[in-house]
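Protein sequence lines correspond, in order, to chains B and S. Reminder that position 169 of the first sequence reads as 169 in UniProt numbering, one-by-one numbering, no gaps. Reminder that position 408 of the second sequence reads as 408 in UniProt numbering, one-by-one numbering, no gaps.
Be aware that one or more of the hints could be misleading.
The list cannot tell twin chains apart, which means a pair is met if one copy fits it or any two copies do.
What the hints assert, rightly or not - Each computed DSS-like pair below joins lysine-lysine, with the alpha-carbon atoms no more than 25 Å apart:
# : residue 1 : residue 2
1 : LYS400    : LYS364
2 : LYS180    : LYS219
3 : LYS247    : LYS5
4 : LYS219    : LYS124
5 : LYS124    : LYS90
6 : LYS364    : LYS180
No wet-lab data here; the hints were simulated from the structure. It should be emphasised that the depicted structure is a prediction, and the values quoted were computed from it without experimental measurement.
Number of protein chains: 2
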Amino acid sequence: MQQRKFILSEKDIPTHWYNIVADMDEKPRPPLHPGTGEPIGPEMLEPLFPEELIRQEVSQEKWIPIPDEVRDMYSIWRPTPLFRAHNLEKALDTPAKIYYKYEGVSPAGSHKPNTAIPQAYYNKQAGVKRITTETGAGQWGSALSFACQLFDIDCEVYMVRISFDHKPYRKTMMNTWGAKVFPSPSNNTEAGRNILAEDPDSPGSLGIAISEAVEQAAKDPHTKYALGSVLNHVLTHQTIIGQEAIKQMEMAGGMPDVVIAPFGGGSNFAGLTFPFLRLNMEEGHQIRFVASEPASCPKLTRGQFRYDFGDAVGMTPLIPMYTLGHDFVPAPIHAGGLRYHGAGAIVSQLLHNDLIEAEALMNKEVFEAGVLFARTEGIIPAPEASHGIASVIREANKAKEEGQTKSILFNLCGHGNFDMKAFEDYFAGKIEDHELTQSEIDASLDKLATPMVE
Amino acid sequence: MQQRKFILSEKDIPTHWYNIVADMDEKPRPPLHPGTGEPIGPEMLEPLFPEELIRQEVSQEKWIPIPDEVRDMYSIWRPTPLFRAHNLEKALDTPAKIYYKYEGVSPAGSHKPNTAIPQAYYNKQAGVKRITTETGAGQWGSALSFACQLFDIDCEVYMVRISFDHKPYRKTMMNTWGAKVFPSPSNNTEAGRNILAEDPDSPGSLGIAISEAVEQAAKDPHTKYALGSVLNHVLTHQTIIGQEAIKQMEMAGGMPDVVIAPFGGGSNFAGLTFPFLRLNMEEGHQIRFVASEPASCPKLTRGQFRYDFGDAVGMTPLIPMYTLGHDFVPAPIHAGGLRYHGAGAIVSQLLHNDLIEAEALMNKEVFEAGVLFARTEGIIPAPEASHGIASVIREANKAKEEGQTKSILFNLCGHGNFDMKAFEDYFAGKIEDHELTQSEIDASLDKLATPMVE
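With the rest of the complex left out, here is chain B (with noise of 0.2 Å):
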């Protein structure tokens, strides 16, 4: 029999972070004031991230020591699974071999709970009542919640109104972990009264559920908030997945020749692919990188790399990101933990250096991959996942014509269970394929005032 699956055992969960920033020739560059230019202090984060947090983010230690409370409970579902890909190799009929890390496996259904236990693990430790949020689609917001109940915090999640009116099974789950979760724009906050008060049927938008989950943390000083992407100390946080991985491509026979995960904020990407990145710097190996994007949200692939606020209405500092503007508005598509206008520090550089690549990909590619995936491998990936299979599918083929025994590693970063209306609207042939003209960039990023990263 053919072996599908290689497992690790309890006692192989990592027992550090890796700060890739350390291994880096050009670091990436400071957060800028936005008001003078100048590099932030850590000091302007304490409202909003306990100590610890915050000293990860600007760390350039190499290896950042995980605390056995978080590893006890990452023990819940970690390791996470890698499978060969067999069936898929099949349905292709490549010569190349796939793999595949499975981080569906958490009880919130993606890789989000790799963050957010260490994020809810700081907060109690430094005393923390409540941690707030914000969440689109969901995954973010269950994984906190789930995270926060494990930790016996309070957690406030500010979702987005037309997700918490459209996606009342994503409330539920945060509910079922005892999560409160409030449609954005809300009462609670001036941010979303002042909104309410112009439009009382307001769809909300994740800038304004940042900006209200942020002002609750900022006047309360037993309340701190949350993020689940793009900065720092998340990025490393995720890095578990591609040391897991690392080892589990050893047990398979040797390490991958292209690594390739969806691109959102950067988090499932830095996750698996970091830890790779490593191998490249440190012992000379030559593998390849690709972020998988949409191609209605293409950052990487045609955005600017300048400094740009994280958040949709500029309350945060500035940013050196690739970056489509901030207030960019991506195409209502399903795959919402990708409709993210800009890219984290650490990625965009290592991008800028050409230490990794990206490609953009249409909806209706990416739907036919996820498909195809569910009929050969069983699990039905997430709109977000199925970019990736998409991108691996492509390498296969390219394999397939020039004859090549290549090895492809990619990270399926959560599962489809709450993503049936997306396959729903697929079958019924509503999935729209998006690509923006230039036209439509340019006006984005020509209302930018901010300098770009040289």
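Starting from the structure of chain B, add chain S where the hints point.
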């Protein structure tokens, strides 16, 4: 760090199914022909099932070899993990050790693919082109769709109309695996057309859906029918659960004192318990076995042991079963998988011989247990599985009162990702307890003219 998960490798996937009939002192009585009252021969089943499954249905062999092709497909998700529920134990402050076998890691989210895969395989071997089945809430239909896709057989699912309308995501899940799903009653069959002629707005029922699926299979030599529980071969296929669990309990320190599983038609209960029952029969263990059924459908605790039809409309042979009467309609509780009027013949015989126990649980206790489980162990359990959890909590509380260090194992037979509406209703205070009066039960049983099993 305390170990949470006991993990096997793919080579530990069992090589044989365990057929408990071989070890039973008192065998289950044969099914009877409803017209003649005589035992039926295997040939009566030939229009519906392929030869090998009929052979297994009546087999007295103790070990039935699992074909390599089936083990290969099992390896997509098997072996499944066995967990020690440290967080739940802590929350209950119990001296009991609690373990659970988690079957929700299958792509379809429950234990059902354990039998769907071999059923699809044997049909494929027999040259069958199409399999029909019925589904209520959608668990079984999903599992069979997935299995048929793997073996390239067409799959047609007759889904109870009211579920078809209320659970579009289950339908989409089946479509994603390539199945055709029809709301039942449909215009595809005479049975369906007759009902629609009388009532064009019929909400359907499991009985009607069975009639349609069976009619389609019986009239086409290339089409067969598949059932997801109750029958002997189905229960036998599920015994891979318990066989794996025995190895895992050995890793965890020894056999459990009590094994608990939810009870619908008997398939997840049989799957976990039968291999442990063998240890009682062969090696003198004294493990207790508890079937958890809903108080609104209490065939094991309050039904009669007599011959009754397996379906609601009287199309099947008469099966010796604990039953509430084949046209008994349970309250519309959310645990759709437990809303079945009877119990499989083997399990019924075991209960009659006091080799297993049963208890009935009320809805609120069940959901309270499910939510506590989600908030401690992370995984959100299906309402069906939550019945088992409620029984576990009873045992753990008893252990605490009595100061015993008891070891409890239960079958977490599926996750609740597609059952969020149930939890939403629970949080909204809309979950009601349903306990039947004796006169309600008598009224249903008094209609039966079939003989008791002596």
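query: For LYS219 vs LYS124, is the C-alpha pair at or below 25 Å within one copy, between two copies, both, or neither?
result: Only inside one copy: LYS219 and LYS124 sit 18 Å apart there, 65 Å across copies, limit 25 Å.
- prompt: For the identical chains here, do LYS180 and LYS219 meet the 25 Å Cα criterion within one copy, between copies, both, or neither?
  reply: within (18 Å within a copy, 54 Å between copies)
message: Within, between, both or neither: how does the pair LYS247, LYS5 come out at a Cα-Cα threshold of 25 Å?
response: both (13 Å within a copy, 19 Å between copies)
- request: First find the shortest C-alpha distance between LYS124 and LYS90 inside one copy, then the shortest across copies, and answer within, between, both or neither for a cut-off of 25 Å.
  value: between (48 Å within a copy, 19 Å between copies)
query: Within a copy, between copies, both or neither: where do LYS400 and LYS364 come within 25 Å Cα-Cα?
result: So LYS400 and LYS364 pass the 25 Å test inside one copy only (22 Å; across, 57 Å).
query: When no copy is named, should LYS364 and LYS180 be tagged within, between, both, or neither for a Cα gap of at most 25 Å?
result: between (36 Å within a copy, 22 Å between copies)
Comparing the model with each numbered hint stated earlier shows that all of them hold.
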